[in-house]
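Residue numbers (this note's numbering), protein chains in the order written: chain G, 1 to 244; chain S, 1001 to 1313; chain U, 2001 to 2291.
Don't take every hint at face value.
[Claimed, not checked] Computed cross-link-like contacts, DMTMM-like style, restricted to lysine to aspartate or glutamate with a CA-CA straight-line distance of at most 25 Å: (1) S/Lys1196 <-> G/Glu55; (2) G/Lys71 <-> S/Asp1197; (3) S/Lys1196 <-> U/Asp2185; (4) S/Lys1196 <-> G/Glu18; (5) S/Lys1196 <-> G/Glu98; (6) S/Lys1196 <-> G/Glu143; (7) S/Lys1196 <-> U/Glu2003.
Keep in mind the hints are simulated off the structure, nothing from the lab.
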Amino acid sequence: MSAILEVTKVGKRFGGVEAVRDLSFSVAQGEILGMIGPNGAGKTTVFNLISGVVEPTNGRIVFDGKDIQGKRPDQICTAGIARTFQTSSLLSGMSARENVHVASLFRREKGGRTADQITDQALALCGLTGIAAKQTDQLTTSEQKRVEVARAYATGARLIMTDEVVAGLNGVETDQILDILQGINREGITLIFVEHDVRAVMRVSHRLVVLAEGTLLAEGDPQVVARSADVIRVYLGSRYADAR
Amino acid sequence: MSAAIASMRTLIENDRIRLALLALSLVLVALGPFYLSAYWERVLIFVFFNIALASSWNVIGGIAGYPSFGHGVFFGMGAYTCAILIVRGGVPFPLAILGGGAVAGAFALLFIPLFRQRGFYFALSTLAAQFAIETVVRTWSFTRGLQSFDQGWNLPDLGSLDFFYWLTLGLLVACIGSIILMLRTRVGLALRAIHKDEVVAASVGIPCTRYKAIAFVFSAVWPGVMGAAYAPFLVFISSDNVFNISITLNMILIAIFGGIGTIIGPIIGGLLLSIIDRLSWAYLLQYHTLIYGLMIIAVISFRPAGIASWFKK
Amino acid sequence: MSEIIEIIIFGTLRGAIFALAAFGFSLVLGVLGIVNFAHGVFVVLGALITWSLTAQIGINIVVASLIAAGSMGVLGVFIQKVFIDRVFKLHPLMILVQTFGVAVVATQLAELAWGGGERSLKVEFPGPALLTIGDIYIPTWDIVIFVISLIAAGVLVMIMQMTPLGRAVRACRDNIDSASLVGVDVGRVFLITMGICGIWSGLAGALVITLKPTGPYMHFFWTLDAFLVVVIGGMGSISGALIGGFLYGIINFAAYYYLPNQAPAIIFATLIALLMIRPQGLFGLGTTVRK
Ligand SMILES: Nc1ncnc2c1ncn2[C@@H]1O[C@H](COP(=O)(O)OP(=O)(O)OP(=O)(O)O)[C@@H](O)[C@H]1O
Ligand SMILES: [Mg+2]
């Protein structure tokens, strides 16, 4: 498997805080990479670095064979990376459909389709067709999260990064989003899936990376990684790890 | 009263009736010179200028969310370009109007670095640019007038009051029409997205700087054009009357008074504020500015979405 | 050479007043995250009230200055409570325009009370009118005012550092969300901040009128000057505003000294350049202004 994204020795400082430190990992074409880590581990910052929202202090990020660090967010999006945001980022005062449509309109390669067709397909894929006309403030949390996913999908990205898309959802809603994401993945789109809900991560991830304090703590097969003592220690404290 | 507003609202919400009303009022306004006194004709010309300026400001300030506090500069530039072209170069008036718009638009490109600022800092940077440019115009011999002691430009008589009435009305319709058309393209959605959240807008693939630049240049060209039309109407122009900071502030006040970020807002704001302005000039001269200020405070404190929001749900 | 020294001395002396007028502005920007376009009104009204109390009623200038400063504090609280608080959660642009409206109304009322022209106050001062340093003559009164400004800055720093009230204000400046989480009454802190802003700016006004003629229409320049000082020095910190005031005083004095006609263009171009290079101010705490 070839790597679609390669992050090499990337670091990011915010004043005194080293949010990400010498981080290296890669994502294979077509996989779903789960990413976990305790609060403040730097997961969102990694997304911000990859999507160009913040510039790395040092390091290289290569997407599809091209350096993307230092590029603007819109250039990176056009290059084929899209993301969702941890805190709702839907554009208020617009309908669900308009929120998705923004992405389709500014998509470069539309594959012979019109922006409207792309929007409608993305909405349908995420089960939003019936509520497309609703304003964002009338949507449920689950619907909001799905609009975010639909919007990322509509950009035509080959790599989609989701930041806690099932946080705050009940079991049924979570399964619905996971099914959508797996559907998207079956189209050949690579996913990075950041989540605190370990059950959800285990269900969809092909591979898992664990971040702690901005660095890579563990990486590999989800079942194996999740059982490693180190990972349990950062999540639950050393008492639990030693008890095993 | 509220029942009247409600029934008016339902009336206005019907698209056909709305279009018909719009066409009717446009015709009525266009026929103005046939039944209006010279005084009211003048008042309406000022209303047209005000609405066009506020509508242009609204594109960058209201729709894109970048409150430019230096927009009066483009009006002044249009006026000066027109005056200099006509007086120095003998250029025909229509060409001078185009020249005013072109110079304002070209100059707007120089403001693009300021878009790295946001909010108050953007407001302050543009305000500072206005003062800096105003000082240069005031002191540079090229812009002072033909004689070394001149403080402005005298323009030849280019047309009757009726001519200027129709000219400004025509430009106003073109200005608002072009704004509506532009907002229907993807530029409109891009600007709204930028206003709501620039990080998100960029992350879905919108090249924000480019669209902000488009919006800014667009919203500078029209004040340039209006300024160029204003110069011969006023006959004598100087930095005091066309580069005055009050022109910038008026654009902002009118847009906010009527309803920021909407097409109808600056129209309502321009009509109401200009008329209040005239009436208080006529009857309450001493308290004129006071009343103006009180109106602004009242609207923003109690109806921040502007007068237009009364007619919506 | 001595010319440059003169510019630095006079610029610094003048800068102290700029700083004094900008402390409140900086605090308000740091704590509330807003620009108050009516800021200059505090300075101008503080000046005119001092003038009336002294020249018309005959009250001692020290008492008059304190009364003027105090009433500007009340005005600050009033503006916050009645106007700004109402639209605080909306787009900050609204506050800009709203406070502009307040400034227009206040100026108009001031013109009804004092007329549109300028007033000035000459202070009888015991002792020599001029001091000499080398071959430079400096009006003693300028130095007195400089010292008063420094004392006023010191008092403000002490309030901010040593009193519970100051701590609450600083907590809100550093992070409003965590301040309210630990139980700081944010609304009250906003009121107090505007009150402090009014008092210190009003005091600046009381000093200004003894230096140069002041009229109601000048409020806008004072607002701009305060903004400039804060841009140079960085917002929120008093020492930043002080240094910003001195630097701005020197830039201002030099610009008017060498190129009196182009001075505004030079000053504003400097401002834009500064904003582009260091938006957090030369000595700023960082950009924490609301979007
Ligand atoms: N813009 C910023 N400025 C300053 N510090 C920041 C910024 N963004 C993140 N940080 C800091 O970087 C560290 C990592 O934060 P990040 O949001 O990436 O963690 P996270 O793994 O996403 O946590 P969570 O699970 O809570 O979402 C934290 O200490 C945070 O305070
Ligand atoms: Mg996070």
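So, going through the hints one by one against the coordinates:
1. As the CA atoms of S/Lys1196 and G/Glu55 are separated by approximately 22 Å, the hinted pair is consistent with the 25 Å bound.
2. For the hint pairing G/Lys71 with S/Asp1197, the CA-to-CA distance comes to about 19 Å; that is within 25 Å, so the pair holds.
3. Distance hint between S/Lys1196 and U/Asp2185 is unfulfilled; the C-alpha atoms sit about 29 Å from each other, more than 25 Å.
4. At roughly 30 Å between alpha-carbon atoms, S/Lys1196 and G/Glu18 are farther apart than 25 Å, so this suggested pair is violated.
5. Of the pairs offered as hints, the one joining S/Lys1196 and G/Glu98 holds, with about 13 Å between alpha carbons and a cut-off of 25 Å not exceeded.
6. With a C-alpha separation of about 20 Å, the suggested pair S/Lys1196 and G/Glu143 falls inside the 25 Å cut-off, and the hint holds.
7. With a CA separation close to 52 Å, the supplied pair S/Lys1196 and U/Glu2003 exceeds the 25 Å bound.
The structure does not agree with the numbered hints 3, 4, 7 stated previously, though it agrees with the rest.
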